[in-house]
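Enquirer: Quick mapping for you: the protein sequence lines, in order, are chains C and G. Under our numbering, the first residue of the first sequence is numbered 1, with each subsequent residue one higher. Under our numbering, the first residue of the second sequence is numbered 1, with each subsequent residue one higher.
Derived from the structure by calculation, the hints contain no laboratory data. Computed from a predicted structure; not experimentally measured. Hints are not guaranteed to be accurate.
[As the list claims (entries may be wrong)] Taking lysine-lysine and the BS3-like style, the derived pairs with C-alpha atoms no more than 25 Å apart in a straight line are:
no.: 1; chain 1: C; residue 1: K218; chain 2: G; residue 2: K111
no.: 2; chain 1: G; residue 1: K200; chain 2: G; residue 2: K159
no.: 3; chain 1: G; residue 1: K200; chain 2: G; residue 2: K247
no.: 4; chain 1: G; residue 1: K132; chain 2: G; residue 2: K117
no.: 5; chain 1: G; residue 1: K241; chain 2: G; residue 2: K111
no.: 6; chain 1: G; residue 1: K159; chain 2: C; residue 2: K218
no.: 7; chain 1: G; residue 1: K197; chain 2: G; residue 2: K111
no.: 8; chain 1: G; residue 1: K132; chain 2: G; residue 2: K197
no.: 9; chain 1: G; residue 1: K117; chain 2: C; residue 2: K218
[Stated by the list, open to error] Take a look, some chain G residues computed to stay more than 12 Å from chain C by CB distance:
no.: 10; residue: F89
no.: 11; residue: E102
no.: 12; residue: D113
no.: 13; residue: V130
no.: 14; residue: K132
no.: 15; residue: S139
no.: 16; residue: S148
no.: 17; residue: A152
no.: 18; residue: G167
no.: 19; residue: P172
no.: 20; residue: T189
no.: 21; residue: E201
no.: 22; residue: S218
no.: 23; residue: A227
no.: 24; residue: Q234
no.: 25; residue: G235
Ideal Cβ placement from N, Cα and C applies to all residues, glycine included.
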Amino acid sequence: MITAHRQPSATADWILVVLFSAAVLTMPWWLAPFGANYPDLMQKFAIYGVFAIGFNILFGLTGYLSFGHAAFLGAGSYAAVWCFKLLSMNILPAIVASVCVAGVFAFLIGFISLRRSGIYFSILTLAFAQMSYNLAYSVLTPITNGETGLQLSLSDPRVVDAALGISTGRSLPSTTLFGIKMSGMPGFWFCAVVLIIAFFIALRITRSPFGMMLRAIKSNQTRMKYTGFNTRPYLIWAFVISGMYAGLAGGLLSVTDPLAGAERMQWTASGEVVLMTILGGAGTLIGPVLGASLIKYFENIFSAINTRDLNQMFDGLPEGLQDFAVSTVGLFVGDGWHLTLGLMFMIVVIFLPGGIMEGVRRIARLFKRDKTASAPVQAPAPSAGQG
Amino acid sequence: MRPVDNVVLHVADVHKSFAGLHALSDIDLSVKEGETHAIIGPNGAGKSTLLNVCIGRLAPDSGHVVFDGQNLTGRAPHEINQLGVVRVFQTPEIFPDLTLLENVMVPILAKRDGSFKLALFRRFSSETQVRKEAEEILSDLGLGQLMSSAAASLSRGDKRRLELAMGLAQHPRLLLLDEPTAGMARHDTNATIDLLKRIKERGMTKVIIEHDMHVVFSLADRISVLAGGRIICQGTPEEVKNDPRVKEAYLGEEQVG
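The shape of chain G in the complex, shown without the other chains (with noise of 0.2 Å):
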């Protein structure tokens, strides 16, 4: 069941249904090491869903999802994470009465301690090593001056990159990232690609879903589009720009590129 050299993620033959309606219908993908892969398509297609069963929230009705060799169908969401799989919500997922700081400190913690530890007599505030990369990654995102008040007092757009914060504290080796850019400025879209670029160049694999052509045009190495459920065109941004059947699948919703 492995799967071809440096693919990391393979979703194979997948199926999904909910009450008769088809949300998934034949999707095989393959996802490689290293490089930023864009599932676009029209609102309604299945993105979400395919991220869903992708991160083990939903299960498919048949077929798999493999990471690096390992099926994660069937997993429970902490022990996809504890793989290296770490998924960005399209509403930010944080910890709204915690502060920045501690935000990112306890996802490096489950990083280092694994899913349970007991360590009822440690201070969690003397974990210096832990509380330095935290600091570092915070300032990295710009988030720094910030540190030690709540999240919940972030804006939206400081939330989104608060919470890719928590996700790169992991070092995952693979980043699902559900809109990322959804619903922020031009600015902050902007600083967000940015991000997301000097990311890549650290060689982190990443699944981007995207409305945004912008985004998905200055990011991805390879393109998946979904429409109704199925994928309809898989390909580098220029062929996937030109294919006739994305124009098709488009039509009326907005202009490609």
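For reference, chain C alone in the conformation it holds in the complex (with noise of 0.2 Å):
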């Protein structure tokens, strides 16, 4: 019998919270035997966790593909940036706008697209992404800074700053929580605590009603229709919710490097969060969050790989041996790390079409699976097949 997803507990719920807020706070200490416990990287964790537990709202709940998801992330990165340089180096304000910038063009965007499902609508917000990216790297120049990308400067106004008589002298001024500068371990506490409750509220809207018929649509949107519900109201604000959570991360990557390019927003980087929610497992919660750090991660720590590193890997075997070893390795590491991770995503879209959070849930049930065997007394369940 094929055994649904049955809605936890709200106990199990503020567990599963303490449980993520505790591994998430904790990662300059467990991170540190995988190399990885460096600001800048755990930074990236925590951002595209964000960015990718936003768009699972959209793409795990209600099934619909976004490959438009980098415009928002690019928007609110843009908003950031012009927050810092016309108000204030403070990054509330910056996350704020980046937040609701983001919020309004992800309705603008989805009001139209989301007139299609299916392929149509992912191909309607992949346009729609390209002709962002393409406006803000020619035509919108005055406002994105084009080719150079949208940096801070001296003569920026400051309005906020200027009034309350904060001046930075004569070097650029670095982004600010009330005085605390944002950039090393300070920017990476924050972004840890803006991914804890951006976990919180993406928990809280999937037990919601709102949730559930989020997944309902999914199931089945011909019978959410003849059920007496208006199903577009409900896309569009899946929609612009998830925009929102992109304009929170492109937020956050200006608070921890006050710059924005147009790249942010081309394809690529809306393909890349794709690929980080399916990896880790799309309709997941946790999922997501681990596709994203084990994508930066693999762009971080593979990339970094050079055949000087590799001779010193292999420096024990023969020397025809050695040569051989480097030469196969050093197609996946260095500039080939991207061959890694596509290996990676065939593996596990083949082997684990649920993503890693799959796996995970195979193993669990397997050791559940052990325990009853080991208990051969007891009659079988009757209600084994819901476990």
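Combine both chains into one complex, guided by the hints.
Expert: Below, the structure is given as structure tokens:
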């Protein structure tokens, strides 16, 4: 019998949130053995985690595959940098601005794209995102500073900071949270807290009646309509919420490094979040964060390995064998890390269509079965199919 | 435009053609409050087209469908449902990925909350009132044991029963059933007949499209016979059974009664 995804209790959800928070906040320690505990990379884990969590609200719950979410990420980045330039280096108004701008932008694109479903919807979102990218790159240069990217400069007005008498002297200012500089570890702590809040909100959305309606739309949209639901506002809200998450991620990117370029809107960036979500497990809560972290980890660690590192690694091997090993493995690291990513993605999609989280579930089930097998006195539970 | 007293559904002068083929012509049909009205007819007579016109899936070329004084033509499916018209499909339309309980809770929420409600921070699983209602309906239809399994795992007969439960959960004023027993084994058919009889006692108006004469004559108060897109006969089961035009229309198909 096919088992359904049963709704966990409120207590189980709180435990999940606590465990998740603990895992995120202890990252600097448990990531050390992987060589990934430096702030830049951990910030990326958190930021792209937010991006993927939001993407999953649309894709995982409704099944609508957007290929243009990078547009909202980019819009959020630009909004945040403009906020730094015009108002204040404080990150809070910048974050609010990036979320709002992305939300409005997502509403406009969603309103049109959601007139279609399936592949046509995906193509429409892709088209809009590429349009945004090209606009940001060329026509909108006054707003986006085109090829160079939007940057801070000494001549920026920063009216609020100026009014409060905060001056930065002769060097470019850095982003702050009420005086705390947001680079390095403080930046990571801020992103981590935002990730936890974003996770909590996504959890509540998933468990809400609204989330259930989104799952029902994914399951059978025709039935939804004949059940008395107008599916369109549900889909538009899901699209806007996930666009706001993308905007938040874009804002955080600007917080940790206050410059925004058009390449953040390119289709490769949109495709990346799709990969993250599917790799981790679409429709699950943890999966997207796992997928995002894994891809960012590979991007940073594998792409940094060069031929000298490999030669060192295979030092013990005989001469010919060492050359062979270095040249073979060399294909998969450095610039070739995309090859590793592609292979990993293929393996997951073929063997674990539900992503890494499906693997986790399978292992959990295996353990459960072992337990029942080691207790032969007990008769098999009649509801075994529902576990 | 208000129809005669206690007529709930009034199909007036409906025409519908597909590429020159007259699927429905001159259809005039009144369904009274509380009655079970069966629409029968040979294959291709236009039964399903008529039902689709009633729920807004197809727009008639001319004429209109009036439910309780309100014109249904041109309305979106969800609006028609909100007025209290529920349709059960021929091939069961359920939510295969959700549990049976969720399948029934969703329509109850639709009835309670309307066509759209953004309640981002309520918990679906704490809707205890809705859950209780859904559990009662499922047990009533004999699906109580399967409440927490996925709807996709049900047998075809159970899926149809589930869809019926989803429809009944909304307490519709008018229930449209498209061949509720097609493809069912005999004992399942009889169980469904019993079930539909029980609903009848609650005073719900029903329109049933059916092939199986056993089902039709066990349930219907009145019957309309459709052939070649026209209603050729309308009346009580007794009248229809003895009408020579009906026998003619069914000649070579199957024996009436």
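Enquirer: Broken hints, numbered, in rising order?
Expert: 3, 5, 10, 11, 12, 13, 16, 17, 18, 19
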